[in-house]
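Asks: If you want the building blocks of each chain, they are given just below.
2 protein chains.
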Amino acid sequence: MFKASLIKKLSKKELVPKNYLEKKLKEGKIVIPLNRKREVENITAIGEGLRIKINTNIGTSPEKKGYKDEIEKLKIAISLGTDTIMDLSTGGNLRNIRKEIIKYSSVPVGTVPIYEIAKNAEDKRGSFDKFTLDDILEVITEQAKDGVDFFTIHAGILKNTLDIIKENKRVGGIVSRGGAILARWMYINNKENPLYENFDKILSIAKEYNIVISLGDALRPGAVADSTDNLQMQELKVLSELVRVCLKEGVQVMVEGPGHIKLDEIGTNILLAKKLCRGVPFYVLGPLPTDIACGYDHITSAIGGAIAGLNGADFLCVVTPAEHLRHPSIEDIKDGIMASKIAAHSVDILRFPEEWQKDLNLSLYRRKRDWSNIFKLSMNKNKAESYRKSLKTHTTDICTMCGKFCSLKILDSCDLYK
Amino acid sequence: MFKASLIKKLSKKELVPKNYLEKKLKEGKIVIPLNRKREVENITAIGEGLRIKINTNIGTSPEKKGYKDEIEKLKIAISLGTDTIMDLSTGGNLRNIRKEIIKYSSVPVGTVPIYEIAKNAEDKRGSFDKFTLDDILEVITEQAKDGVDFFTIHAGILKNTLDIIKENKRVGGIVSRGGAILARWMYINNKENPLYENFDKILSIAKEYNIVISLGDALRPGAVADSTDNLQMQELKVLSELVRVCLKEGVQVMVEGPGHIKLDEIGTNILLAKKLCRGVPFYVLGPLPTDIACGYDHITSAIGGAIAGLNGADFLCVVTPAEHLRHPSIEDIKDGIMASKIAAHSVDILRFPEEWQKDLNLSLYRRKRDWSNIFKLSMNKNKAESYRKSLKTHTTDICTMCGKFCSLKILDSCDLYK
Numbered sequence: 001m002f003k004a005s006l007i008k009k010l011s012k013k014e015l016v017p018k019n020y021l022e023k024k025l026k027e028g029k030i031v032i033p034l035n036r037k038r039e040v041e042n043i044t045a046i047g048e049g050l051r052i053k054i055n056t057n058i059g060t061s062p063e064k065k066g067y068k069d070e071i072e073k074l075k076i077a078i079s080l081g082t083d084t085i086m087d088l089s090t091g092g093n094l095r096n097i098r099k100e101i102i103k104y105s106s107v108p109v110g111t112v113p114i115y116e117i118a119k120n121a122e123d124k125r126g127s128f129d130k131f132t133l134d135d136i137l138e139v140i141t142e143q144a145k146d147g148v149d150f151f152t153i154h155a156g157i158l159k160n161t162l163d164i165i166k167e168n169k170r171v172g173g174i175v176s177r178g179g180a181i182l183a184r185w186m187y188i189n190n191k192e193n194p195l196y197e198n199f200d201k202i203l204s205i206a207k208e209y210n211i212v213i214s215l216g217d218a219l220r221p222g223a224v225a226d227s228t229d230n231l232q233m234q235e236l237k238v239l240s241e242l243v244r245v246c247l248k249e250g251v252q253v254m255v256e257g258p259g260h261i262k263l264d265e266i267g268t269n270i271l272l273a274k275k276l277c278r279g280v281p282f283y284v285l286g287p288l289p290t291d292i293a294c295g296y297d298h299i300t301s302a303i304g305g306a307i308a309g310l311n312g313a314d315f316l317c318v319v320t321p322a323e324h325l326r327h328p329s330i331e332d333i334k335d336g337i338m339a340s341k342i343a344a345h346s347v348d349i350l351r352f353p354e355e356w357q358k359d360l361n362l363s364l365y366r367r368k369r370d371w372s373n374i375f376k377l378s379m380n381k382n383k384a385e386s387y388r389k390s391l392k393t394h395t396t397d398i399c400t401m402c403g404k405f406c407s408l409k410i411l412d413s414c415d416l417y418k
Numbered sequence: 001m002f003k004a005s006l007i008k009k010l011s012k013k014e015l016v017p018k019n020y021l022e023k024k025l026k027e028g029k030i031v032i033p034l035n036r037k038r039e040v041e042n043i044t045a046i047g048e049g050l051r052i053k054i055n056t057n058i059g060t061s062p063e064k065k066g067y068k069d070e071i072e073k074l075k076i077a078i079s080l081g082t083d084t085i086m087d088l089s090t091g092g093n094l095r096n097i098r099k100e101i102i103k104y105s106s107v108p109v110g111t112v113p114i115y116e117i118a119k120n121a122e123d124k125r126g127s128f129d130k131f132t133l134d135d136i137l138e139v140i141t142e143q144a145k146d147g148v149d150f151f152t153i154h155a156g157i158l159k160n161t162l163d164i165i166k167e168n169k170r171v172g173g174i175v176s177r178g179g180a181i182l183a184r185w186m187y188i189n190n191k192e193n194p195l196y197e198n199f200d201k202i203l204s205i206a207k208e209y210n211i212v213i214s215l216g217d218a219l220r221p222g223a224v225a226d227s228t229d230n231l232q233m234q235e236l237k238v239l240s241e242l243v244r245v246c247l248k249e250g251v252q253v254m255v256e257g258p259g260h261i262k263l264d265e266i267g268t269n270i271l272l273a274k275k276l277c278r279g280v281p282f283y284v285l286g287p288l289p290t291d292i293a294c295g296y297d298h299i300t301s302a303i304g305g306a307i308a309g310l311n312g313a314d315f316l317c318v319v320t321p322a323e324h325l326r327h328p329s330i331e332d333i334k335d336g337i338m339a340s341k342i343a344a345h346s347v348d349i350l351r352f353p354e355e356w357q358k359d360l361n362l363s364l365y366r367r368k369r370d371w372s373n374i375f376k377l378s379m380n381k382n383k384a385e386s387y388r389k390s391l392k393t394h395t396t397d398i399c400t401m402c403g404k405f406c407s408l409k410i411l412d413s414c415d416l417y418k
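Chains A and B supply the protein sequences, listed in that same order.
Residue numbering for the first sequence follows my numbering, starting at 1 and increasing by one per position.
Residue numbering for the second sequence follows my numbering, starting at 1 and increasing by one per position.
Hints may contain errors.
For chains that are exact copies, the list does not tell them apart, and a pair is met inside one copy or across any two.
In silico DSS-like cross-links for lysine-lysine, where the CA-CA straight-line distance does not exceed 25 Å [claimed, not checked]:
| id | residue 1 | residue 2 |
| --- | --- | --- |
| 1 | LYS191 | LYS409 |
| 2 | LYS404 | LYS68 |
| 3 | LYS392 | LYS68 |
| 4 | LYS166 | LYS404 |
| 5 | LYS248 | LYS9 |
| 6 | LYS383 | LYS368 |
| 7 | LYS275 | LYS3 |
| 8 | LYS99 | LYS404 |
| 9 | LYS404 | LYS389 |
| 10 | LYS24 | LYS207 |
| 11 | LYS392 | LYS99 |
| 12 | LYS130 | LYS201 |
| 13 | LYS103 | LYS13 |
| 14 | LYS18 | LYS37 |
| 15 | LYS23 | LYS207 |
| 16 | LYS237 | LYS159 |
| 17 | LYS409 | LYS169 |
| 18 | LYS68 | LYS8 |
| 19 | LYS169 | LYS404 |
| 20 | LYS26 | LYS13 |
| 21 | LYS159 | LYS404 |
| 22 | LYS130 | LYS13 |
| 23 | LYS358 | LYS376 |
| 24 | LYS404 | LYS191 |
| 25 | LYS159 | LYS409 |
Hints listed in this document are in silico derivations from the structure and should not be mistaken for laboratory results.
Starting from the given sequences, assemble the full structure and let the hints guide the process.
Replies: Here is the structure:
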């Protein structure tokens with residue numbers, strides 16, 4: 001499926017043996033998002049036994065159509081170490097934006113094709129309900145040709161789900177845009193989810209271009225009150241069946257997960273998804289263990305992401321402080337990425353001596369108050385350095401917190417640590 | 001121990017029956033920090049079966065002696081919902097600062113008396129090693145008279161520990177200021193820890209004023225490499241013995257905990273501390289599951305705090321983004337408090353229907369895009385509102401993220417949620 005040279009390169013980057021990668025790729029427990037048409041400078045592998053990866057969402061919206069900021073976000077996200085980028089644009093000329101993003105992205109790029117399908121229908125026919133199978137396949141083929149490396153496909157929300165939604169009176173409703181678009185399409189057109197019905201056709205495009213299918217969770221809980229509910233579980237069952245189809249067809253696949261989840265249900269969610277979906281990579285948005293931290297959901301998400309990672313989630317989607325409130329600014333993107341990186345790294349150090357060593361080295365420098373090396377090893381050198389540079393004492397070895405009462409300096413003075 | 005009217009008031013605030021409070025107070029599993037000399041407007045109870053409480057550290061340093069900012073921090077911390085305040089001042093006129101803080105604080109105030117003891121010795125005798133038992137008792141008595149509600153006492157670090165420190169070559173060393181001061185005092189004076197040797201005298205002052213003793217962890221790990229190490233466990237054993245003494249003497253007591261702890265060892269740390277220390281309240285600083293997130297340790301701490309809380313920690317100490325870098329600014333304090341509140345609330349909603357209801361209500365308003373009520377119920381109204389006010393669309397019901405592709409609005413349009 002992949003060239004030996006690529007496996008060799010990835011094995012080095014991922015700190016695992018080549019045959020481990022090959023075995024897990026074959027089993028579907030690891031995926032490599034890499035469109036056959038693309039050259040990706042920073043390739044990445046996602047899945048079992050690897051470092052936890054993070055994805056950053058960027059893209060325009062109907063209210064923010066300019067894409068210059070999005071390219072800026074892309075560059076910053078890559079410089080801060082995002083493993084992948086998703087272009088979720090819904091405003092402006094989507095194809096041009098996508099091409100720009102793919103051009104500038106040294107990491108794999110994902111999309112949610114239903115956004116462009118819906119927007120085209122609205123632009124051409126006045127309503128986003130008016131798309132056909134041809135429209136779907138046209139957009140997906142075009143995006144594949146453009147070099148997209150992974151697609152989120154919301155094929156797990158079915159027509160019969162609509163009745164359950166009506167009965168269940170879920171608190172948060174449907175909070176997935178793709179899910180809501182498809183729910184409305186099914187409702188208005190009284191037909192089955194076209195992504196589900198034509199899943200084979202989508203797979204053959206994905207197979208041709210070696211695109212990873214990321215099975216979207218259209219029914220992810222959008223409120224902790226809906227955590228692990230009937231609708232979420234119904235969809236997970238459908239996704240597990242679609243995973244089986246992907247693996248049978250030799251198409252790389254991962255599964256997307258929640259969402260707003262109670263703190264003590266996160267572990268169970270990961271376990272269930274992994275068990276039901278044959279151990280394919282699990283990609284979570286959050287999870288967020290509370291709904292009321294508006295403006296701070298990057299922190300809520302770091303809590304959920306770390307627990308998810310510890311329990312086996314493979315891929316974390318960055319949540320920014322702007323979540324639930326606005327289109328994120330560049331600063332929001334930075335804060336969100338750092339929060340996800342902390343969650344991922346807190347788990348990675350338990351598994352990889354090379355990651356553990358980073359903390360060990362920084363702490364050894366910290367004991368010596370060797371600030372320049374502390375900054376070098378900090379997850380975000382600039383932030384750490386700017387904090388210290390704000391001090392009058394920044395030319396000495398101490399900081400303004402403890403001054404001469406610095407515990408480390410006191411200990412140095414009595415040779416307990418020489 | 002406490003008046004019936006106070007228990008009644010607290011039972012209402014803490015959402016538990018009066019007899020539950022009384023029983024747990026008697027067992028030592030709940031404490032109420034409230035100096036007999038003080039009137040505290042917002043009294044609080046800390047411990048088993050209660051909402052998780054948070055403490056905010058404020059105070060001057062040798063490099064930041066002005067206390068105006070500290071009073072400002074105090075007011076902001078209280079307005080953001082801190083349950084207690086600790087005055088950790090080490091610069092300027094400590095008594096005046098403490099009196100100001102106590103005057104303005106509507107919540108319980110804690111201190112670490114060894115700071116003032118050491119500073120006095122340095123001011124009067126040129127070295128912070130030159131304090132005597134009289135100096136110790138004088139400061140503790142004065143602080144008790146001033147109305148301090150809880151004292152951190154580092155009585156668990158013993159003289160024989162110094163040899164272990166020398167042998168073990170711990171990565172992070174001693175990162176507790178109180179611990180380092182006492183380690184140096186023992187090393188220079190070649191005597192046992194005076195707080196340990198005279199623990200009975202300290203207890204009798206605490207008893208007289210009804211001050212809670214918070215047993216400080218002088219040997220808490222300051223690097224994940226030291227997580228749950230020999231030194232930490234040695235000290236915990238001493239602390240467990242001191243807990244027994246406090247309970248026997250009828251002095252309220254809690255135990256302080258780490259520190260930098262590996263993500264998968266946090267649960268064990270809480271379990272051990274609770275088991276060894278007879279279930280008295282456990283007060284954690286962090287824990288921080290990675291060392292390298294300099295400038296973002298409020299997030300690292302939120303991850304550790306949520307997991308600690310889920311496993312039974314009762315009291316979280318706020319860690320700010322300035323941790324390890326500088327004396328915190330007012331903004332740092334705000335960010336730190338919010339991070340701790342998110343961690344605490346994520347656990348509280350699992351236990352208290354009243355807390356759960358907050359998330360439920362906000363999510364119901366979110367589904368309706370009822371922004372003014374969303375803000376009212378947000379953990380930090382101002383931050384959430386300022387995010388939204390930055391938008392052109394803030395007078396409509398949508399936000400700039402999805403615009404007309406708002407999933408909730410789409411669903412409304414097809415009567416699935418009517």
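Asks: Decide, hint by hint, whether the structure agrees.
Replies: Consistency of the hints with the structure:
1. LYS191 <-> LYS409: Result: close only across copies, 21 Å inter versus 72 Å intra.
2. LYS404 <-> LYS68: Between copies only: 22 Å across, 48 Å inside.
3. LYS392 <-> LYS68: Intra 38 Å, inter 19 Å, cutoff 25 Å: inter-copy only.
4. LYS166 <-> LYS404: between (65 Å within a copy, 22 Å between copies)
5. LYS248 <-> LYS9: For LYS248 and LYS9, neither the intra-copy (27 Å) nor the inter-copy (64 Å) Cα distance is at most 25 Å.
6. LYS383 <-> LYS368: within (20 Å within a copy, 38 Å between copies)
7. LYS275 <-> LYS3: Intra 30 Å, inter 55 Å, cutoff 25 Å: neither.
8. LYS99 <-> LYS404: between (56 Å within a copy, 24 Å between copies)
9. LYS404 <-> LYS389: within (19 Å within a copy, 44 Å between copies)
10. LYS24 <-> LYS207: within (18 Å within a copy, 63 Å between copies)
11. LYS392 <-> LYS99: So LYS392 and LYS99 fail the 25 Å test inside a copy (47 Å) and across (28 Å) alike.
12. LYS130 <-> LYS201: For LYS130 and LYS201, only the intra-copy Cα distance (20 Å) is at most 25 Å; the inter-copy one is 82 Å.
13. LYS103 <-> LYS13: For LYS103 and LYS13, the Cα distance is within 25 Å only inside one copy (23 Å; across copies 58 Å).
14. LYS18 <-> LYS37: within (24 Å within a copy, 69 Å between copies)
15. LYS23 <-> LYS207: Within one copy only: 19 Å inside a chain, 66 Å across chains, cut-off 25 Å.
16. LYS237 <-> LYS159: Classified as within; 15 Å inside a copy, 61 Å across copies.
17. LYS409 <-> LYS169: between (61 Å within a copy, 16 Å between copies)
18. LYS68 <-> LYS8: neither (36 Å within a copy, 60 Å between copies)
19. LYS169 <-> LYS404: between (61 Å within a copy, 23 Å between copies)
20. LYS26 <-> LYS13: Classified as within; 19 Å inside a copy, 57 Å across copies.
21. LYS159 <-> LYS404: between (68 Å within a copy, 23 Å between copies)
22. LYS130 <-> LYS13: The answer is neither: 45 Å in one copy and 55 Å across copies each exceed 25 Å.
23. LYS358 <-> LYS376: within (10 Å within a copy, 42 Å between copies)
24. LYS404 <-> LYS191: So LYS404 and LYS191 pass the 25 Å test across copies only (23 Å; inside, 73 Å).
25. LYS159 <-> LYS409: between (67 Å within a copy, 19 Å between copies)
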